[in-house]
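Taking the hints into account, I'd like the entire structure generated from these sequences.
2 protein chains.
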Amino acid sequence: MSRYWSKVAGGLTPYVPGEQPKLPNLVKLNTNESPYGPSPRALAALRAEVGDTLRLYPDPNSDRLRESIAAFYKLKPAQVFVGNGSDEVLAHTFLALLKHDEPVLFPDITYSFYPVYCGLYDIDYRQVPLTESFEICVDDYMTPNGGIIFPNPNAPTGRPLSLSEIERLLRSNAESVVVVDEAYVDFGAESAVGLVDRYPQLLVVHTLSKSRALAGLRVGYALGDAELIEALCRVKDSFNSYPLDRFVQAGAAAAIDDRAYFEQLCAKIIATRARLVSDLASLGFDVLPSAANFVFARHSQRGGTELAAKLRERSIIVRHFKNPPRIEPFLRITVGTDAQCAALIAALRTILA
Amino acid sequence: MSRYWSKVAGGLTPYVPGEQPKLPNLVKLNTNESPYGPSPRALAALRAEVGDTLRLYPDPNSDRLRESIAAFYKLKPAQVFVGNGSDEVLAHTFLALLKHDEPVLFPDITYSFYPVYCGLYDIDYRQVPLTESFEICVDDYMTPNGGIIFPNPNAPTGRPLSLSEIERLLRSNAESVVVVDEAYVDFGAESAVGLVDRYPQLLVVHTLSKSRALAGLRVGYALGDAELIEALCRVKDSFNSYPLDRFVQAGAAAAIDDRAYFEQLCAKIIATRARLVSDLASLGFDVLPSAANFVFARHSQRGGTELAAKLRERSIIVRHFKNPPRIEPFLRITVGTDAQCAALIAALRTILA
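First to last, the sequence lines map onto chains R and X. Note that the numbering used here gives residue 9 to position 9 of the first sequence, counting from 1, and the numbers run on in steps of one. Note that the numbering used here gives residue 17 to position 17 of the second sequence, counting from 1, and the numbers run on in steps of one.
Keep in mind that the hints were calculated from the coordinates and are not lab data. This one's a predicted model, so the numbers in the text were calculated from it and none came from an experiment. It is possible that part of the hints are untrue.
It does not matter which identical chain is meant; a pair holds if it fits inside one copy or across any two.
[Claimed, not checked] Here are the simulated EDC-like cross-link-like pairs (lysine to aspartate or glutamate), alpha carbons at most 20 Å apart as the crow flies: (1) Lys76 <-> Glu230; (2) Lys22 <-> Asp63; (3) Lys74 <-> Glu227; (4) Lys22 <-> Asp124.
Shown next as structure tokens:
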């Protein structure tokens, strides 16, 4: 550590994102991107932004994009916050809404960026163990807390939590914010967006990186009561006035407006997932029930580390977590195209033979 | 304040950016954008990014862009940090390098985002008054501090500080970081980039929003010793793994590579500035010596509030700061095209008649 670093900088344990390999011809099933490209309407909107107006600052409030998102969910623009990827939205959420005297609660096996945000902003937290079947049990969260956050479906397990359980948690937890991180919700889980008008402590976070096939554009959003959104805006306006560039605002709005393309894309991935789950099961994998665009699977005989390495030798990249030890046997496999999934299954068949 | 807000969110006084009006046909001289569009090579690179690969995450480390910036300044990529606008770069800088026990020092009249960052991250600061002629006096900064930051040229005054004075400050201030915010340096001030290899406490911050005509793309960068850059990376990787989207990385690299276009653009603005200064002087304005793409001018008879309002009635927008009272008489006027500056002068002539 350099003498010039702040104590904060020296004390951090940064997040390690999934690998973004620069090699071509890989079957890339490691970071849950869409195997299909974005909406043609989004591409047309992006193309239209290439020009001299790029010399001008973008709209600092992303009004047009927030209106599209509000219309999609039948909310008001004042209930919508947008950011540079859902990671930025989550970062602002931790600082604006989850930093209190009591600890924030989140699952022990979940998106591993949550404890990193707590480190960045000096927020106390407590990790709540998933059940033996890797499920979130909402009763375990009914304890004094400074906020609650979990993905639904959870990552990297893919398991969804029912809307009735989420509502049961909200009813018993009125005094602190409950964040439902719905990065993967469009692939089969029940969204909590419909509860936003009834629970002022509910914040729902989405991303365009998965079901809108725009991971390369970096945009995420939060939906919630206008008072929660205002807190996020206050932090955003104390950090970066213009977090979304002109391309992001135009392309994201067009992607949200193209509901038909979005629904078709989700349906294709859900169909491929069903085949993938069945093929993996036939090879001896135990696959957790997934409502996401990935599956979390362990083999009855072979370890996760070994399988991930052997797939890699065959130019197939999946995600493997060494920690916590409980999930070491698992592979997290993105649902790719049918052809990519077939290549994965063929490779696994050879490896397991 | 809502009961759900953190103390941090409740205590903030957010930055207020210059207005981004949605009306067409304005002469917009209020936020120091380039009056000319970006490099055609940047536009071509942006156009090439429109496609299915937007489904994939961008390079989290922006290697290609960092290599272009390093090559431009004859530095190593490890001496380059990039962010979502220089505002994000500055935010990370405050948290990673300027949060210490002693207060950060910056001028009393300067970029008004600096105290906002201090509020966001609970950093103690002390504002050092400019001289009567609105200059930075480096002797005033030779006191125990947790870091020093100032723009060069300063904003909103436009006055530059000489490289020899900056080096004198660096020699006497080895124990804390000195940040030179060179957002406007390309329009006539001396850059401190050449000192980076000799002073491990020096961080130089740039933006593509001004001299590269890409305010709509949101990209800024910091140049400094690899140890300083590492601290910024640690904060960035604890906040958002992928702050720069695929468009930004491609377009910004192409803009940096196009040195000829950049030099031509700066030369045009410098030439227009000379005429603007002389025209303003002939109308009775006192114009501070500017090394930026804006001028800071006060009229001998008329107040800044009045002049800004009357210009606005004529669809000409300039920036006016009510505080501190010392700068109330001034207008900050972006150097536009020759035609825009002529329209401004004609309007002022009518107003002052």
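Cross-check of the supplied hints:
no.: 1; hint: Lys76 <-> Glu230; verdict: within (13 Å within a copy, 41 Å between copies)
no.: 2; hint: Lys22 <-> Asp63; verdict: between (35 Å within a copy, 11 Å between copies)
no.: 3; hint: Lys74 <-> Glu227; verdict: within (18 Å within a copy, 48 Å between copies)
no.: 4; hint: Lys22 <-> Asp124; verdict: neither (37 Å within a copy, 43 Å between copies)
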